[in-house]
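Asks: These are the residues of each chain, in order.
Protein chains: 2
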Amino acid sequence: MRISELSARTGVTVATIKYYLREGLLPEGARSAPTQATYEQAHVERLRVIRALIESGVSIAESRRVLDALDHPPASAHDLLGAAHAAVLPSFDGAVDVTAAEHLVAQIGWQRGMCDDRVLAGVARALEGLDDAGFSVSDDVMAVYLDSIKQIAHAEIAGVPTESSEAAVRYVVLGSVLVEPLLLALRRVAEQIASAERFGPAEAGA
Amino acid sequence: MRISELSARTGVTVATIKYYLREGLLPEGARSAPTQATYEQAHVERLRVIRALIESGVSIAESRRVLDALDHPPASAHDLLGAAHAAVLPSFDGAVDVTAAEHLVAQIGWQRGMCDDRVLAGVARALEGLDDAGFSVSDDVMAVYLDSIKQIAHAEIAGVPTESSEAAVRYVVLGSVLVEPLLLALRRVAEQIASAERFGPAEAGA
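Residue numbers (my numbering), protein chains in the order written: chain P, 44 to 249; chain R, 44 to 249.
Just so you know, the hints here were simulated from the structure itself, not pulled from any lab data.
Note that the Cβ used here is the ideal one computed from N, Cα and C, for glycine as well.
Take the hints with a grain of salt, since some may be wrong.
[What the hints assert, rightly or not] SDA-like mimics (lysine to any residue), calculated; alpha carbons at most 25 Å apart, straight line:
1) P:K61 with R:K61
2) R:K61 with P:D175
3) R:K61 with P:G177
4) R:K61 with P:L173
5) P:K61 with R:L173
6) R:K61 with P:S102
7) P:K61 with R:D175
[Said to hold, decoys possible] Stretch by stretch, here's where chain R covers chain P in the computed footprint (C-beta under 8 Å, at least three residues):
8) 65-77
9) 82-90
10) 191-204
[Stated by the list, open to error] Across the chosen pairs, the derived CB separations fall in these ranges:
11) P:A210 with R:H146: 51 to 61 Å
12) P:T142 with R:A85: 45 to 55 Å
13) R:S47 with P:A85: 27 to 37 Å
14) P:Q84 with R:A51: 15 to 25 Å
15) R:E206 with P:A201: 53 to 63 Å
16) R:D140 with P:A210: 51 to 61 Å
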């Protein structure tokens, strides 16, 4: 198909498609004439993934790294998850003290060597952010966070498809990144439900 | 204290403090001379909250709305939570179909009128994002998401402090927004732990 049809089928403007081509997110089509290229169904699917990443708040540079992990999967499913996480996290420069984070995640079975440095640094930075704001999470609430998140991760990893490595790659890389907005959105709804139950319903309803 | 001491005590540069003053995030200090103002401990605390919001990825405009909810709390704790959520969410323009989202959150006790339209629209957009990327969450995994998130929200709302409305405001507004990076970071660690348990440990350790 031509670029105009690719645009029509994905709802992405021709200008934006050209931008993704220039940025290397979308592979070039096959040249059918000096100023014309043809695109395949694979381009339609790749464009949908790009849109989903960008709309989830993933930057162009991060999206390029996520797509690179999709295109060049490492040998093991575990390394693949590391690659997906690394794509959306800043590199670890050793500037953050991970002691408190290590102590916290040891409660859900973390042992040295089990995860990427920058993932642990992410927990450390989040704890620092709360601390800097003078906000403390009580031990009771933190215990529920740890237990609930552990259940989520176990269900996710148990569900990694094993029928093909391509399906596993897609599940791990996209699932890790794209499900984040869903979990945050569900938490807001659940907080409002719990709040309505405790404090009474909102004045203006849905 | 002068602006230089406020900067030294918070680690925020004078230029950035002046920017927050211009943007209305930080209240002006008391004028002590035509070109000089003095700042109080309250400015130190407010600056820490602003830093925490900005570093959590909350924009300047969103931070202004979160701080406004802190400064002008609505009458009930439930409306307060709505104000905090509204501050960090795009307004609801009716452009998204919330039917699937309503169906989903009904499983955790949602009933019409229990939550803000834009919070429900957030779930709808997240589901659309997954759908657009051709990524589907299995019923088993979704059931774990819903149950785990419900537990988190219940623990959080049960912990709303009741000793003063100021403490309740701080807890609800900041907790809702600032805990997000912690939950996402914990999920990444928990995924890597579950993955190491299932697929073997990473090559390069922490």
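Asks: Please check whether the region 65-77 of chain P has three or more residues whose CB lies within less than 8 Å of a CB on chain R.
Replies: Our answer is that it is violated, as 0 residues pass the Cβ test (under 8 Å) against chain R, missing three.
Asks: Check whether the Cα positions of K61 (chain R) and S102 (chain P) lie no farther apart than 25 Å.
Replies: Distance of about 29 Å is beyond 25 Å: violated.
Asks: Run the distance test for K61 (chain P) versus L173 (chain R): straight-line Cα separation, threshold 25 Å.
Replies: holds, 24 Å
Asks: Quickly compare the C-alpha distance for K61 (chain R) and G177 (chain P) to 25 Å and report which way the hint goes.
Replies: holds, 22 Å
Asks: Mind checking the hinted window 53 to 63 Å against the Cβ distance between E206 (chain R) and A201 (chain P)?
Replies: Roughly 42 Å apart at Cβ, these two residues miss the hinted range, so it is violated.
Asks: Could you check the hint for me, namely that S47 (chain R) and A85 (chain P) are 27 to 37 Å apart, CB to CB?
Replies: violated, 59 Å
Asks: Check the hint pairing K61 (chain P) with D175 (chain R) against an upper bound of 25 Å on the C-alpha distance.
Replies: Judged against 25 Å, a Cα distance of about 20 Å means the pair holds.
Asks: Is the hinted pair K61 (chain R) and D175 (chain P) satisfied, with a Cα-Cα distance of at most 25 Å?
Replies: holds, 20 Å
Asks: Is it true that the C-beta distance of T142 (chain P) to A85 (chain R) lies inside 45 to 55 Å, as the hint says?
Replies: Hint violated: Cβ distance 31 Å, outside 45 to 55 Å.
Asks: Establish whether the coverage given for the region 82-90 of chain P by chain R is satisfied; the threshold is a Cβ-Cβ distance below 8 Å, and no fewer than three residues must meet it.
Replies: violated (count 1)
Asks: CA of K61 (chain P) to CA of K61 (chain R), is that 25 Å or under?
Replies: Distance ~40 Å between K61 (chain P) and K61 (chain R) Cα, so the pair is violated.
Asks: Go ahead and decide if the range 51 to 61 Å is satisfied by the Cβ distance of A210 (chain P) to H146 (chain R).
Replies: violated, 27 Å
Hints 1, 6, 8, 9, 11, 12, 13, 14, 15 and 16, counting from the list given before, are not met by this structure.
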